[in-house]
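Asks: Listed below are the residues making up each chain.
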Amino acid sequence: MKLKLLKALVFPLLIIMAACQPPAARFSAKPSAKPTTRDTLTIAWIPKALDNPVFEIGRQGALQKAAELSASGPVQVEVLYVGSVASDAAEQVRVVEDVIARRVDAIAISCNDPTACIDPINRAVLAGIPVMTWDADSPQSLRFTYMGLDNIEAGEAAAKLLIQSMGTKGNVAVLTGVPGAFNLDERINGFQQGIAAYPEIQIVTTVITNDDINMGVQALEETMQAYPNLDGWFFAGMWPLFAERGSMPLWEDAALNRGMKTVAFDALPVECELLRDGYLSGLIDQKNWSWGYDTIQIVYDHVVRGEEFPPFVNSGFNIITSTNVDAMLHAWEMNDFSQVLPDP
Amino acid sequence: MSTNNVLSHTPEKKNNWLAYHRIGWQMLVRRQELIVFILLLAAGTFLSLRTDTFLTSNNLFNVARSFSWIAIAAFGESMVIIIGGIDLSVGAVMALAGLITAIGLQSGVSVIWAILAGLLTGGLVGWANGILVGRIRLPSFIVTLGTMSIARGITFGLTGGWPVRSLLQSFRYLGQGDLILGPWLLPIPVVFMLGIAALVAFLLDYTVLGRYIYTLGNSERALLFAGINLTRVKILVFTLCSSLTALGGLLMTARLGVAAPTAGIGYELDIIAAAVIGGTSLFGGEGSIWGVLLGAAFMQVLRNGLVLLGFPAYWQSAAIGGMILIALLLDFWRRQRAVP
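Order-wise, the sequence lines are chains A and B. Residue numbering for the first sequence follows our numbering, starting at 1 and increasing by one per position. Residue numbering for the second sequence follows our numbering, starting at 1 and increasing by one per position.
Honestly, the hints are just simulated from the structure, not real lab data.
Covered stretches of chain A, going by a simulated chain B footprint (3 or more residues, C-beta under 8 Å):
no. : segment
1   : 53-65
2   : 169-180
3   : 198-211
4   : 222-230
5   : 239-245
Quick reminder that beta carbons are idealized off the backbone N, C-alpha and C, glycines included.
Extracted from the complex, chain B is given alone in its bound form (with noise of 0.2 Å):
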């Protein structure tokens, strides 16, 4: 640290309180968390002034509601991401997931089987992907692609094109029932997204795996050298990725009660840009579960904000698009900042 003595009287001190004011600013710009999380305060703050309806309780909780299937997609996105990949598949998976455990309910097998298949079905995706992947050595971009194009197929050629409904209310309460926290009726796909937030933040942040992960994403030959099986390792994240979007599938689909061969359409895109606001670089290495959660917490506040405002619907895609691209640049702005 190089001195300063012409500004100061007491050279020392003044360095010193230089110094921490830098280490905590740093400390701050690092976080991945830092831009996504001023925004959508900043989003709360203006949507609290300016409407009465934004900030109650129902309302907050609908919004977490309606944002936690993303959000739990969103963080098996972001593994993939981080690896230094992409799934496109997921919005397919999402309709694919639903679909299988909707059949299974209403041909009359048991809730807990039919969820298994759903999920099971689901990962079977990823794991293709990964054996694709992983082995094969194909481009994430290109495989998941096709296997969204399965996924989405097999959705229309099982159903015909209808969507399959009156589901049992046992299975619809995942996703429309709350649990009972003190005041408040906390939903219970909010209850799935944070316990599945803490069990992916812990894989990621505490354990050998996820070292490997980050790792994978900066420097595939330094795994290599370390006679680690990236295969493995890689089969693993895709599968996990779709196994946690086929999760995410059958909340929704529990939520509405109906399993149709159209949902999920286009929701690969939401679920890329809610991990990408939340500060997972697209270029690997770098990503956090939590910073994934609040990038799907902001783009659904923003649909919902623009309803509540009356704001015209025919401008509300270009405004989210705007609002999306602001987020990119601000953690632009923030990484230039950042000191490696």
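Next comes chain A alone, as it looks inside the complex (with noise of 0.2 Å):
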């Protein structure tokens, strides 16, 4: 009896400990001294949340540098992915440290929050581990450079695009994630910069989906209820694009009959393939591919051949309109994201 209350208390405790622990958690630290000579090079490549398929992205684009520098030259560049399942600052220095214990030889993280990662970003440093940050960056640490997106600059874009399609003038509803998420809101601000010179365009609300795609198509769908007569849109994100046609009936009538415009954020297939068939006009690509595609290369020109880089590497966006979505599209069937895209 008492054994199986003792099994009975041990049991959840163990699911919910394994449950919680971070996939990082899972290797242990190997006490293997480090070679004087270097051939080998591993680099944590840590996203934000690994439940976020565009870090998915990011992460092919980290493997096939690191197996070109693998092939190339002398050095055996290993990435290993770790991150916490969501998006939790806590959860991500646990991760940090672990990647740490492990010694590894290089860092690349995308920050959750700039504020909590800097101690752990610190230790590392200090531990002879070179860090560096790409999509978000935490300014006041230690870390060597910051590759990421100018998203004012890129908010700027999506304004012209929606601008070109929609003409200067009318009402406009943008759509964002988590209110108060520091890149969107940069987005946000970079698009009023962009309307700010036309005075008949009118931003007439602003709704939110909390990052999540049920929300997302709701709040589209009354917005639409409310302002039947809008004219176009600026999505901060893709939220509710990822719903599967039919689900937003107003918003698809809106786009494809009485010519309303929509620029968003991102470029996953699913977003092509709306752009291809009318109900978008212009997508502003982060290239997601290169966060980790460059990312490593970066990290290799630092650490294997002593390069110094500016604090800021500015990554740059794509811009996808009708005129260049098939290569766009070519490219994700191929997987391949190496080739330029012609201009829009």
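The two chains are supplied separately, each in an independent frame; assemble them into the complex guided by the hints.
Replies: Okay, here's the thing in structure tokens:
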């Protein structure tokens, strides 16, 4: 009886502990001495979360660059893809501590929170592990560089795209994710700057999706209900576009039959198809693949070749319109984003 | 009843009138649906006057469609709360059930079998919850926290973070289609919600099992002395809760046409809030299905209203939280006035 009770207590605890453990914890700290003449380079590539597919694209880029470098050079490059399941600053700190304990050779990280990342990054650097940030920075830490998108510039580009298709007047709505997310706010700021010169363009409302597809679909349709004569949309992310066609009848109808224009961030296959079929007029591609492909190159150049980098490396973005969407779709089909896209 | 001769020349009549009045008042105050019904009516009236878009059949059915799966899950959740438990795994079960069905459909299984697989997966999680809570007597809060993590983890493990898309039209019809009813197009999920509400209300109010469920929340010992198999009732309630939640998840997946591993994150709070606003007592033993339906409706009308009014996006969460607290305070006031 007592044993049963004990088992009963231990079993769920184990389950919870197992469930709560970050994937990084699965790797035990190997007491391996660092080679003096480097023949391997292990880079921990840490995204904000494992639950977001855009990071999976980045991971493929990282793996490809690692394979290319390993094939060409004397150094074997290995990528360790670890992270917290959901976007969580505290969980991510633990992941960084785990890879420090594992004595990786370098870390490339997209920070969930700029402040929370300072301490673990600095501890890694003091332990002799160079760190760079990508996608989301921690500017006050000792990271050697940050590669990312200038979100304000990208927001302005989105405004330009919308004006190109909609014209210089109209009522516009903005869709965002979690209120207060720094990068999304920057995109919206950029967008506002982009339309500032056109007083006849007005932002009538800003709606939130909480990064949830279902809530995004609802917010979109409710806004179409509230503003049936809307002329344009700016999506600071792509949340509702994941839903299948037919789930947003008002938005779809306005896009196809009433000439309403929508510009959105990211360029996942589903978005490219919507652009090709006339639902969207433009996309800002953050080059998720380069998040991995380019960061691994930067880390390699820094660690192996001793190159220095400025504090900010602009990763740039692609502008996708109907003229080059087929090239982007082709890249998705081939799963190869190394080719430069034709101009929009 | 004490007489009061001072105030009235016709004491008997006056007393009768007062007594009727008091009984009527008590009947009203004892209805668990009262507060949420009044609030819903008030919000609806306000929005109808302030916007010309709220009171359109298109908008109202859209609102109903989008709270239907929350309501269906909340029916199950309220049963768990009535027996004195809590189920935190509901949001994750919605995602897992939808995903299992979507994966089934993608691998070419027929719609019926894919749906059954999704429902069965949900039921299995509930059964495990029930065993751990009922038989092994662990607190439901911790057990369902664990199964929530497991169910969510499985959705990530199965998909690697990618949503499963391109689901069959015949499956999507369940979420996107409408039933023609005279001049109206009633969304299919709403039909499900109403049918299930009627079934669960019948189960709770008119069956022996229903009486056990309420008694379990009030006095577990009474049932124990009566020789009732409490473990079986608990397992059944948890299994029912997760099965209903799974159905809600399927309807949501069908409506969106996509099963995302991140779907339904945080929905457990909406679902519990809907149950509690609808008059379900977190202390157990009290709750009504129609109240829960109104609670879910109230939450969605609030969200809808804030968007229609053009309320600043960054303040919406605070506004919704505030309204939930007001609803709970008013319900607390009602309880105090209801003579047991």
